[in-house]
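Please construct the entire structure, taking both the sequences and the accompanying hints into account.
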Amino acid sequence: MNKYIIFYLAIINMAGFAEVYRDKAKSIKKQWRTPESRFFIISALFGGIGVLIGMHTFRHKTRHIKFTLGIPAIIALQAAAVYMVLK
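Just so you know, we're using the working numbering here: the sequence shown kicks off at 46 and counts up by one.
Any given hint could be a false lead.
[Unchecked claim] Pairwise CB distance ranges (calculated):
1) LYS111 with LEU131: 28 to 34 angstroms
2) ASN47 with ARG104: 22 to 28 angstroms
3) LYS132 with LEU90: 31 to 37 angstroms
[Unchecked claim] When the alpha-carbon atoms are kept at most 30 angstroms apart in a straight line, the in silico DSBU-like pairs for lysine-lysine are as follows:
4) LYS75 with LYS48
5) LYS111 with LYS71
6) LYS69 with LYS111
7) LYS48 with LYS132
8) LYS74 with LYS48
These are computed hints drawn from the structure, not numbers from a lab.
Just so it is clear, CB atoms sit at the ideal spot from N, CA and C, and this is done for glycine as well.
This is the structure:
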């Protein structure tokens, strides 16, 4: 796999993980929150694994069906698409 692709995937997933942490911290402090669409945009840009790990690590957004089903669905669709391209 191309080293630039691996680098991109590492960065976007770290960003997703960090964004979940940031939103959780702001939630606790009752401050301005991250728009939910941002989590889905990051996931669509192949950062879904970082968002999903962040959700479970920080126990954040795990009661929302659109997150508990939506983020894994995005990951599954992306995995299927990559499989079809590389097949």
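Consistency of the hints with the structure:
{"no.": "1", "hint": "LYS111 with LEU131: 28 to 34 angstroms", "result": "29 angstroms, holds"}
{"no.": "2", "hint": "ASN47 with ARG104: 22 to 28 angstroms", "result": "35 angstroms, violated"}
{"no.": "3", "hint": "LYS132 with LEU90: 31 to 37 angstroms", "result": "23 angstroms, violated"}
{"no.": "4", "hint": "LYS75 with LYS48", "result": "40 angstroms, violated"}
{"no.": "5", "hint": "LYS111 with LYS71", "result": "20 angstroms, holds"}
{"no.": "6", "hint": "LYS69 with LYS111", "result": "17 angstroms, holds"}
{"no.": "7", "hint": "LYS48 with LYS132", "result": "20 angstroms, holds"}
{"no.": "8", "hint": "LYS74 with LYS48", "result": "39 angstroms, violated"}
The structure is inconsistent with the numbered hints 2, 3, 4 and 8, although it conforms to all the rest.
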